[in-house]
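Peer 1: Please build the complex by placing chains B and C on the supplied structure of chain A, with the hints as guidance.
Protein chains in written order, with the numbering used here: chain A, 1 to 258; chain B, 1001 to 1326; chain C, 2001 to 2254.
The set of hints was computed from the structure by calculation and includes no laboratory data.
Where a beta carbon is used, it is the ideal one built from N, C-alpha and C, also for glycine.
Be a bit skeptical, because a hint or two may be false.
[Said to hold, decoys possible] Here are the computed lysine-lysine pairs in the DSBU-like style, where the Cα-Cα straight-line distance is at most 35 Å: (1) 1018/B / 1216/B; (2) 2018/C / 1017/B; (3) 1135/B / 1113/B; (4) 1018/B / 2018/C; (5) 1144/B / 1227/B.
[Said to hold, decoys possible] Below, a sample of chain A positions facing chain B; criterion: calculated Cβ distance under 7 Å: (6) 9; (7) 20; (8) 91; (9) 94; (10) 98; (11) 99; (12) 102; (13) 248; (14) 251.
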Amino acid sequence: MGGPSLLTQVAALARRSTVRTMRQPAVIISALLFPMMFFSINASGLDAASKIPGFPTDSYLDFAFAFPLIQASLFGAVTAGADLARDIESGFFDRLSLTPMRPVALLGGMLAGVVALGLLQGVVFLTIGLLMGVNISSGVGGMFVIVLLTVLVALGFGGIGAILAIRTGSVEAVESAFPLFFVVIFLSSINLPRNLIEQDWFRFVATINPISYLVEGIRSLVITGWDPQALALGFGFALAIVVVAIGGAAASLRTRVV
Amino acid sequence: MGQERGIEVEGLVREFKKGPRAVDGIDLRVEPGEVYGFLGPNGAGKSTTVLMLTTLLPPSGGTATVAGYDIVHEGPQVRASIGAALQEAALDPFLTGREHLHLQAALHGLSRKERRRRGQELLERVGLEEAADRKVRGYSGGMKRRLDLALALVHSPRILFLDEPTTGLDPQSRSALWAEVSRLAREDGVTVFLTTQYLEEADVLADRVGIIDRGKIVAEDTPEALKAEIGRPSVEATPAGTSDRDAVASVLGQFGEEIPAQPGAVAVRLTGGAAGLADVVRALDREDVRVANLRLDEPSLDDVFLEKTGRSLEGAAEDGEMEEAQ
Amino acid sequence: MGGFFQVAGAVAGRQVYKYFTNPAFLAPALFPLFFFVAFAGGLTRVGDVPGFDYAAGYIAFQYVWALLQAVSMGGAFTGFSIAGDFENGFARRLMLAASNRYGIILGYTIASLVRATMTGTLVTVFALITGMPIIGGFDFFGLISLAVLANIAATLFGAGVAMMLRTQQAGPVIRTPIFLVLFLAPVFVPLSLLTGWLETAARLNPFTAILEAARSFLAGDPTNVLAAFTTSAILILVLALWAVYGLRRAERAG
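In isolation and in its complexed conformation, chain A is listed as follows (with noise of 0.2 Å):
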């Protein structure tokens, strides 16, 4: 009895992860309202943060652009490492590992899920940002690197979250790390430029937290048009944790099925 060959697997469970995600409205519409809302509130109450001397923009709406992709990602990876720890729980992992199904290929429909959605947010936030007046400095060429840089993240943050979702288990403990993972994004050059941060201990936290560059890279891309150090840092880092995430994914599965 030979087996499917791995990407049959993949494709049935991304198509699976895909259509159940869409079947939830309520999922997709805060995926998508929840951050828009924030960036909303954000860019406008910081609005006078662009006259800080310095400030390397004219307009925080623009400055801030990176946030909602950022904080979207984050969301979408929540939410597909808690569905992949529902599946755990439920013991419908279980069944799915009776089948001749390669494990790689339950994490390989979960991100796929993920990917489908973090380009489904970046097109959305894209074309709002647009109609609310956000300039992209670096043309329609810099919106697909927008989209796709905003995938890699989702990508990377989607292997973490399967991470905790494989290795607890359960969904209450993926979903507790969201805050985790919330402040994380804040201790970052999110809100201000790291060179303008005044706090010594903050200014430090953000230059080694990985996520300002994530966020830089985007934001060059806005703000400043083709910056090559800053997509340099940006696109390597999201592929370090991407490899780091996926890498240790696969690894935690090893030890859950038999």
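Peer 2: Here is chains B and C on its own, set in the frame of chain A:
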């Protein structure tokens, strides 16, 4: 090698970090094509045994082969040979019944055309064609169990594990499931390993029954042989009037020891077997003792359990404290 | 009236006991503390924006918001506790036993105040440790009064929702309005530096008056105090009626 072998278990043990052994050295053998009933109260070790035999839980000791493959070293081959409907009807509430079957079939490597055909066939077999395109969230408990069974059969396994398949179902759904399991065994020759806490289920479905309590097998044989081992039927008489009770008790007491009975009635275990009933009737008539009702009860598997463990199966279900956690 | 206070005392006592036997009772302080760290730590340069002239400095500016956030969230989260009590059947027994059911609302409010004292102290100590200066002439009593009133208002809101819905579904229904009220306000800069739609929203938000007055108390320069206390009083009155309405719905449901 695999096709004609059943299940062979030797000294299987499962320990958890806290508490006593969930499975404490069991030996059993299920022949191909047989329906084996694994009967015991909650916490006896039934589900833990099934989890080990289906390779979802590693044993702490002992060995077992399923379809001729070792459960520890040949996991993928075991999994390819078996189907399992486990205790939680583990289904995705957002997918339809048909989508579940297609997913399962895809993971088993069936072609797109085969998935459609097999899915439709199984939906008809378990009576879910009308609900096939509704999300599982809207299914009743009975429907979920039927889908569970269909999913276990997608790849036409030779050995089927059913872990308490009718717990919580209404009588109609239960009968329907029993009919399908019987058909699978008798017509398709599928080997069925069934766990249950219902005496009737084991009695009706199983060719042989293994009774498990506190991780150990306390008895194993056909239901008839097990009951015959206990041997003695009982007779219960309901006196015509309350004033007749003592007289009834006195007559019945000549034919065996008194045992618990319905309120107001008298029951004894017949020392002389079922044939003693005629003597009881003659004695009541001779003494002119009137009874409103007279009933002969054959021994049940509960009596077998009581004999072997000192507890009734129903009572033991309330005592069961052991966690059958993964 | 003996029944009213007796009932309130019993409910408050039980609730406070629950708090102290479960360390999670300080949870409402976590998000405010986190935001305080993020904003007071990362955004101090916002204090350099022309027109930003808060005498006590940016850390103090954020501390007041964090404090009001902590006591408001704690108050509203009492609703989760009440919803839980309905789900596990305790609330029904409580309503049957209570000689005066309004006392139930008071009881939960008192307990919420006790918790707010703990969480408020935690936030304050934290802010002091991070170097928040204490301005001479600051009005501690004024600041605390507003915090207390904010807590009471939030508790009454949460209680009303919880008694209406009587399940954990009350969670999102409580969280979302509280989140909006706390954020559609001068969070990062004073009202005078807000522009656009957020300025409009903040001006319409009753919480803004309370927040700005509280900040002015801390800076030792009380401003618009009457507006703040009047707003608080009206909020409490309206939300008390809301809570009573919720209680009536719960009674009718049996």
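Peer 1: Could you run down the list of hints and mark each one as holding or not?
Peer 2: Hint check results:
1. 1018/B / 1216/B: Judged against 35 Å, a Cα distance of about 18 Å means the pair holds.
2. 2018/C / 1017/B: Distance ~32 Å between residue 2018/C and residue 1017/B Cα, so the pair holds.
3. 1135/B / 1113/B: Roughly 22 Å between the alpha carbons, so the hint for residue 1135/B and residue 1113/B holds.
4. 1018/B / 2018/C: The hint holds at about 30 Å.
5. 1144/B / 1227/B: OK: residue 1144/B and residue 1227/B at ~34 Å, within 35 Å.
6. 9: Where the cut-off is 7 Å and the nearest Cβ of chain B is about 6 Å from residue 9/A, the hint holds.
7. 20: OK, holds: residue 20/A within 7 Å of chain B, min 4 Å.
8. 91: 3 Å, holds
9. 94: 5 Å, holds
10. 98: Holds - the Cβ of residue 98/A comes within 7 Å of chain B, reaching about 5 Å at its closest.
11. 99: 4 Å, holds
12. 102: Hint violated; residue 102/A Cβ to chain B Cβ min 10 Å, cut 7 Å.
13. 248: The hint is violated - residue 248/A has no Cβ within 7 Å of chain B, the shortest such distance being about 23 Å.
14. 251: For residue 251/A, the interface hint is violated, since the closest Cβ of chain B sits about 18 Å away, which is over 7 Å.
In summary, the numbered hints that this structure violates are 12, 13 and 14.
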